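These protein sequences, in sequence, are chains A and B. Residue numbers for the first sequence follow our numbering, beginning at 2 and rising by one. Residue numbers for the second sequence follow our numbering, beginning at 19 and rising by one.
Keep in mind the hints are simulated off the structure, nothing from the lab. There could be a bad hint or two in this list.
Distance condition first, Cα-Cα at most 25 Å in a straight line; then the derived DSS-like pairs of lysine-lysine [what the hints assert, rightly or not]: (1) 27/B with 130/B; (2) 97/A with 154/B; (3) 160/B with 174/B; (4) 97/A with 27/B; (5) 96/B with 174/B; (6) 6/A with 93/B; (7) 154/B with 21/A; (8) 130/B with 188/B; (9) 154/B with 188/B; (10) 6/A with 96/B; (11) 160/B with 97/A; (12) 20/B with 188/B; (13) 6/A with 130/B; (14) 97/A with 96/B; (15) 118/B with 6/A; (16) 6/A with 244/B; (17) 154/B with 174/B; (18) 134/B with 6/A; (19) 269/B with 97/A.
In silico contact screen, one side only, chain B against chain A (beta carbon under 7 Å); selected entries [unchecked claim]: (20) 102; (21) 105; (22) 124; (23) 125; (24) 126; (25) 127; (26) 216.
This structure is a prediction, so every number in the text was calculated from the model and none was measured. Even for Gly, the Cβ is constructed at its ideal location relative to N, Cα and C.
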Amino acid sequence: MSGIKVVFWKELADYLGSRKFLILFAIILISAISIVYILSQNIGKYSSEISKDYIFINLFTLSLGALPSFIFFVSFFGPLIGIIFGFDAINSERSKGTMSTVLSQPIYRDALINGKFLAGLATISIMLICIILIILGLELGILGIVPNLEEIWRIIIFFIASVIYIGFWMSMGILFSIIFRQTTTSALVSVMMWIFFAFFVLMISSVIADQVVPLNQNSTLEIIVKNENIKNMIMHISPVVLFQEIIIALLNPSARAFGITALIKGNNLLPTPLPLSQSLLVIWPQFVGLLALMLICFAASYIIFMRQEIRST
Amino acid sequence: MKTVVLEAKNLTKVYNHTKVVDNINLQIQEGEIFGFLGPNGAGKTTTILIALGLTEPTSGEISIFGYNSTREPLKVKKITSYLPENVGFYEDLTAQENLKYITRLNGIPEKKADAKIEEVLKNVGLQDVAQVEVGKYSKGMKQRLGMAVVLVKEPKLAILDEPTTGIDPKGVEEILELIVRMSREQNITVLLSSHLLYQVQKICTKIGIISQGRIVVQGTIEEIGKNLLKEEKEDSLEIKVANKLTPTLVKSIKQIDGVVGVKKKSPDHSLEEIYIKYFRGE
């Protein structure tokens, strides 16, 4: 256990001090602050869109014309941060020649990968806590409203979901850093996966759905629903989609369903906000799916790393 | 009877159907500087990695101070230092920080570690650049830092894999001197893997030669030499003369009983001797 602790503290210091991290952190912080600031300034214009009970968290999800919402920033930049932490975790140790030195010290081999993974999660948590607290402070100062207890709980769960989401991208990066010997290869493959999950999955899912259940002008509702279900099924392999649904339900309490169900039933439903427990029920599958994706990636990295040969060259 | 530090029994390692290490038996005793010789790809590094528990043998076993390397790797790694062939460091950390990481991984208490780090940095002559980032070090300095990493955990056995590759002759001298010193002063047994025979001959008390995964021969250099060169019965003696070699002198030497031949040799200095003479002062 002591080995994990030593690796953890060293990696944490490395991450927090690294330039690439500081630059990304600054970008996200500045954009998040400016979004919230502009929204708070123009809050009057949105009074119709905001539910009065949840002004505080609604600000996270509102988008102002060309300016995207805060959650868009998290779901967009989150993967980049995760990838930056993960993509060179193991292969840089290999190419620098530090791995055999470290592993010849009296620690178990998994201490290295566990320590790195935990340090990455800790860094992500620290960063998110900073950003969320700064935004909260800003809203408190500008709007003069205090979040209610339920909003605080929703923000805490949003934080946990974000850590898992970014953690998924990090463990995917670590996995590629173990598989590929070159840091450039692992970085490129990670970014490609990100583009695939963020953009191409949506296209591919509708192409496949249309192939399996072709739609035409005379299609019955039944067939449309079937088509839509297949599309949804494929889309949900993407952590980006899972995460977006989680934060929509969390930060916009009136959301109660996604996809075709929301379209069909949505108009007949009263726009009353759901209590937290009901929102959690809505996102439970997505939440578990996201966690599973992260753990699968980490488990794969762990197994491959433990079986790999340690050669200095 | 001296304690056996490292013992390999019928050690075999198969990679993709080729025997990289083939039934190796090896014994190293306390206090020895054991030269592990062989061409590149002969299986030296693989044997070392198995000894450290970083690779599992296909069959056979290796033990260090009685601890089985495969089953008790932590105990083995606690008392064994390893200098890998292409040693690397965290380049954005200083030498002192790099060593600190090693002492922490070894669970050495902070106070003791600080004193020890200072001591070994002094030992390898890096005390003035202890606070400089390792990225700015020369290859020779890095190799000396590698020796500091070896020493800082106070090992009983030091395994050095090609410790002198890629550095200048003066650096090589310093490293070799350091190895001899640590072996004598701190009673550290040394396993030195190399393909540079000259250096090995200079410092090693015993050698083992490995070729295509097999130990071809092991023992002290004299023993092996005697066995190998049995055919050459004549001993020879080198004589230095004050001024010039005169024919009369040659003649009188020839007349001594038992002398079978006199051969004139011009003084030949190896390039290494010349190089070291000029750079000693630096």
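Hints, one by one, checked against the model:
| no. | hint | in the structure |
| --- | --- | --- |
| 1 | 27/B with 130/B | violated, 37 Å |
| 2 | 97/A with 154/B | holds, 14 Å |
| 3 | 160/B with 174/B | holds, 23 Å |
| 4 | 97/A with 27/B | violated, 33 Å |
| 5 | 96/B with 174/B | holds, 9 Å |
| 6 | 6/A with 93/B | holds, 19 Å |
| 7 | 154/B with 21/A | holds, 21 Å |
| 8 | 130/B with 188/B | violated, 32 Å |
| 9 | 154/B with 188/B | holds, 20 Å |
| 10 | 6/A with 96/B | holds, 17 Å |
| 11 | 160/B with 97/A | holds, 12 Å |
| 12 | 20/B with 188/B | violated, 34 Å |
| 13 | 6/A with 130/B | holds, 19 Å |
| 14 | 97/A with 96/B | holds, 23 Å |
| 15 | 118/B with 6/A | holds, 14 Å |
| 16 | 6/A with 244/B | violated, 54 Å |
| 17 | 154/B with 174/B | violated, 31 Å |
| 18 | 134/B with 6/A | holds, 22 Å |
| 19 | 269/B with 97/A | violated, 64 Å |
| 20 | 102 | holds, 4 Å |
| 21 | 105 | holds, 6 Å |
| 22 | 124 | holds, 6 Å |
| 23 | 125 | holds, 6 Å |
| 24 | 126 | violated, 11 Å |
| 25 | 127 | violated, 12 Å |
| 26 | 216 | violated, 24 Å |
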